[in-house]
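A.B. asks: With these hints in hand, go ahead and build the complete structure from the sequences.
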Amino acid sequence: MKLSYYPGCSLEATAKEYDASARTVCAALDVELADLADWNCCGATSAHNLNRLLALALPARNLVLAENAGLDLVTPCAACYSRLRTAEHTLRRGGSAARELEEAVGAPFGGRVTVLSLLEAMVKRVGLSAVEERVKRPLTGLKVACYYGCLLVRPREVTGVERPEDPVWLDDLMRRLGAEVIPWSFKTDCCGASQAITNPDVSRGLVARLLARAGEAGADALVTACPLCQTNLEMQRPTSQGAPCFYFTELMGLAFGLDGARSWLGRHLVDPFGLLRSLSLID
Amino acid sequence: MSEVSGPLAVDTAGRFADEVRRRTGQPIERCYQCAKCASGCLVAEYTDYRPNQILRMVQFGLREQVLRSRAIWVCSSCQACGARCPNGINIAAVMDGLKEMAVAEKLAVPEQGPLFHQMFMDGVRRMGRVHEAAVLARYKLKTHRLMADFGLGLRLFRKGKFPLLGSRIRRQEEIERIFSRALASGEGVTRHEAVLLPGVLAGSHGKGI
Numbered sequence: 001m002k003l004s005y006y007p008g009c010s011l012e013a014t015a016k017e018y019d020a021s022a023r024t025v026c027a028a029l030d031v032e033l034a035d036l037a038d039w040n041c042c043g044a045t046s047a048h049n050l051n052r053l054l055a056l057a058l059p060a061r062n063l064v065l066a067e068n069a070g071l072d073l074v075t076p077c078a079a080c081y082s083r084l085r086t087a088e089h090t091l092r093r094g095g096s097a098a099r100e101l102e103e104a105v106g107a108p109f110g111g112r113v114t115v116l117s118l119l120e121a122m123v124k125r126v127g128l129s130a131v132e133e134r135v136k137r138p139l140t141g142l143k144v145a146c147y148y149g150c151l152l153v154r155p156r157e158v159t160g161v162e163r164p165e166d167p168v169w170l171d172d173l174m175r176r177l178g179a180e181v182i183p184w185s186f187k188t189d190c191c192g193a194s195q196a197i198t199n200p201d202v203s204r205g206l207v208a209r210l211l212a213r214a215g216e217a218g219a220d221a222l223v224t225a226c227p228l229c230q231t232n233l234e235m236q237r238p239t240s241q242g243a244p245c246f247y248f249t250e251l252m253g254l255a256f257g258l259d260g261a262r263s264w265l266g267r268h269l270v271d272p273f274g275l276l277r278s279l280s281l282i283d
Numbered sequence: 001m002s003e004v005s006g007p008l009a010v011d012t013a014g015r016f017a018d019e020v021r022r023r024t025g026q027p028i029e030r031c032y033q034c035a036k037c038a039s040g041c042l043v044a045e046y047t048d049y050r051p052n053q054i055l056r057m058v059q060f061g062l063r064e065q066v067l068r069s070r071a072i073w074v075c076s077s078c079q080a081c082g083a084r085c086p087n088g089i090n091i092a093a094v095m096d097g098l099k100e101m102a103v104a105e106k107l108a109v110p111e112q113g114p115l116f117h118q119m120f121m122d123g124v125r126r127m128g129r130v131h132e133a134a135v136l137a138r139y140k141l142k143t144h145r146l147m148a149d150f151g152l153g154l155r156l157f158r159k160g161k162f163p164l165l166g167s168r169i170r171r172q173e174e175i176e177r178i179f180s181r182a183l184a185s186g187e188g189v190t191r192h193e194a195v196l197l198p199g200v201l202a203g204s205h206g207k208g209i
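Residue numbers (my numbering), protein chains in the order written: chain A, 1 to 283; chain B, 1 to 209.
No wet-lab data here; the hints were simulated from the structure. Note that the structure is a prediction, hence the values are computed from the model and not measured. Yeah, the Cβ is synthetic: ideal placement off N, Cα and C, and Gly gets one too. Keep in mind that the hints are not guaranteed to be accurate.
Stated by the list, open to error - Computed, partial: chain B to chain A, Cβ under 10 Å:
1. Arg21
2. Arg23
3. Ala93
4. Met119
5. Phe162
As the list claims (entries may be wrong) - Listed next, the in silico EDC-like pairs over lysine to aspartate or glutamate satisfying Cα-Cα at most 20 Å (straight line):
6. Lys106/B with Glu64/B
7. Lys16/A with Glu234/A
8. Lys124/A with Asp72/A
9. Lys187/A with Glu165/A
10. Lys140/B with Glu111/B
11. Lys159/B with Glu180/A
12. Lys159/B with Asp72/A
13. Lys106/B with Glu19/B
14. Lys36/B with Asp48/B
15. Lys143/A with Asp283/A
16. Lys143/A with Glu216/A
17. Lys140/B with Glu180/A
18. Lys124/A with Asp201/A
19. Lys143/A with Glu234/A
20. Lys143/A with Asp271/A
21. Lys36/B with Glu165/A
22. Lys159/B with Asp271/A
23. Lys2/A with Asp35/A
24. Lys143/A with Glu180/A
25. Lys36/B with Asp189/A
26. Lys36/B with Asp166/A
27. Lys159/B with Glu234/A
C.D. replies: Here it is, written out as structure tokens:
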């Protein structure tokens, strides 16, 4: 299987370990990722605050590039996914909004490719059975709270997610890796996203609540599929102590027994090695 | 600017509500104050107004109070409110439209969000991509927080998360086209780069959006 790959700006910086683990895990599953040539920033959590058309046209240019490449576009970043999918949704609905968008980009979109989150690609394209077959070192004893955040699931008409209030794909994936998935009620609560920079009191409060609720539910760690969620969960807590947070691709790599896991995890601000060693999940 | 002002004044002509409806495409008149949005709003405790209050204030034409509020900027667009609204109002889209209006009418407080978002988009306009470290450093410098957060920046640098150089795209002219068209589309709101946040990016940042 071959897909166009859109890393997004965070995966070149704060979320480098997400990029590295995503690429390595995809290679292990025979998913060929072709970097989208000359991709641009999707506008992230900033453009939509300032200008509606800008927030749609920036991601739309990437859709046109993906269509020219002839491959569906996969992105690990939940924020990029949300912006790209929202642009795709607008273009597919047609009408004056779509024409305005195509005019701003300077090229038509024929609707021949679609946008996938990497998590979605794992579940729907690769398949959970294929993932499970690849597991060499099950994550036995690892109690995780699956944290989806906002942008992978909402709004439903854009994401097409069947259960936006209680998504289960990440839970299912983690179970196939051998982890113990802890039920909790805060899967899709917000981490504050870029409020961490503009109104940090908000993010600190939201993150404190998420970590407290995950702990009360009995989780030893959180699993994320979003660089904003991961960064906030690690950086907006008062100290670097407490439950570590993992990108789902890192846990896939660990369970697959892939080289590289140690270097990905070494980039975390909250040290995950103590927990993993206590469960004999890493040497 | 509406002629009505003050906490109890009502814009009986509904001009502000009409403008918000036209700009966002959202049926704000349907809101009947069930407050489902507010009960699920995670940032409500940090704001001056709840989302249902903002909608009511828009219906009542309390233009200045709405556009000066912290609530519209503390909204992080998590979209829980819209997902649960029984009347199908995408409240995050309403908030985005209100933010555009607040900036255009110079009622927004730059430090509540617009300054950062503008600096972020300024980077995108120049490079086609965001160099996170550079945007954050510039923002911290502007808000006099550079030294206070220097230690954290250093930790990120040591973890390899703050590369010194950002990447840029090749066909930058295509990004410039998008910015030009989008700013021209702003119904007079973001028509010219200097209009968006006058004065804020003067000097070293000549070319804000």
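A.B. asks: Of the hints stated earlier, which fail here?
C.D. replies: 1, 11, 12, 17 and 18
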